[in-house]
Amino acid sequence: MAELLKGAPVARAISEDLAARVEALGKKGIVPTLAIVRVGERDDDLAYERGAKKRCANIGIAVRSFVLPATCSQAELMEVIEQINTDDSIHGCLLLRPLPKTIDEAAICAALDARKDVDCATDQSLFGVFANQALGFPPCTAEACILMLEHYGFELEGANVCVVGRSLVIGKPVSMMLQAKNATVTMCHTRTRDLGSVCKGADILVVAAGHNGTIGADAVREGQCVLDVGINWDEDAQKLVGDVSFAEVEPVVGAITPVPGGVGAVTTAVLAKHVVEAAERTATA
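To convert, note that position 235 of the sequence shown is 248 in this note's numbering; the numbers rise steadily by one, no gaps.
Since the hints were derived computationally from the structure, they do not count as laboratory data. Heads up, a few of these hints could be off.
[What the hints assert, rightly or not] Listed below are the simulated DSSO-like cross-link pairs for lysine-lysine, each with C-alpha atoms no more than 27 Å apart in a straight line:
#1 K67 - K40
#2 K252 - K66
#3 K19 - K252
#4 K213 - K66
#5 K185 - K213
#6 K67 - K213
#7 K19 - K40
#8 K19 - K66
#9 K114 - K185
#10 K41 - K67
#11 K41 - K19
#12 K66 - K41
#13 K194 - K252
#14 K19 - K185
#15 K19 - K194
Everything numeric in this text was worked out from a predicted model, so none of it was measured.
Could you build the full structure based on these sequences and the hints that come with them?
Written as structure tokens, this is what we have:
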């Protein structure tokens, strides 16, 4: 039976560290503050917003919500972004995406001040990930993968890591972040030839393909660590599942994250971490 890598202990450790840092900022008269920008009433946006607010409240981070109707104009949303950019009391901004198709999402992201971009919405933040520089912040879920591996004691330096997925949200940035930790990374996707044999050669497997059942027992081996980043709704089982066929893979590998309760449980803690870091950068400046 594989070791179950749950996200709750990781999130708890991050939160405990952040609470002390928030207290230190408070002594300087700084209250770390997050702005959440939501357009419309998508269920997944509302759920993430609730989780983020709860996490921030427990740590001592203030949250301000900017909610616009799904029918809002580009100009109205741009005005909100500009308001956040110029408000020195706001240290971080979470722009819930995807935005409605009537909005030019790329233009909105480009308008956000990268110093307040706590979930890698801007090109500058993404460049920072690829250049290993502190420009903006990496995607929260990508960093959650790194922190989970470190929390559970997996050595990244020199490790062979296979990342399945090539999105700018997870696959590409987490590959760059793993390389910054001196891991040897192989990037794959659903069209990789003989995907199973490539995955078997890895010490650590990070799966972020966005498709239920992408990885089964034929793609893993004994002793591997598997991070399942996927979140999919299984109509037959009527529950959330990952990209990994858990029932097939868990008996084979050495360690695996559950879905839900794995990487996703750490994401809001990383979001809070980025807000505190943004506030600390402001204090230093």
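Do the hints match the structure? See the list:
{"no.": "1", "hint": "K67 - K40", "in the structure": "23 Å, holds"}
{"no.": "2", "hint": "K252 - K66", "in the structure": "24 Å, holds"}
{"no.": "3", "hint": "K19 - K252", "in the structure": "18 Å, holds"}
{"no.": "4", "hint": "K213 - K66", "in the structure": "39 Å, violated"}
{"no.": "5", "hint": "K185 - K213", "in the structure": "20 Å, holds"}
{"no.": "6", "hint": "K67 - K213", "in the structure": "39 Å, violated"}
{"no.": "7", "hint": "K19 - K40", "in the structure": "34 Å, violated"}
{"no.": "8", "hint": "K19 - K66", "in the structure": "21 Å, holds"}
{"no.": "9", "hint": "K114 - K185", "in the structure": "24 Å, holds"}
{"no.": "10", "hint": "K41 - K67", "in the structure": "24 Å, holds"}
{"no.": "11", "hint": "K41 - K19", "in the structure": "35 Å, violated"}
{"no.": "12", "hint": "K66 - K41", "in the structure": "23 Å, holds"}
{"no.": "13", "hint": "K194 - K252", "in the structure": "35 Å, violated"}
{"no.": "14", "hint": "K19 - K185", "in the structure": "24 Å, holds"}
{"no.": "15", "hint": "K19 - K194", "in the structure": "22 Å, holds"}
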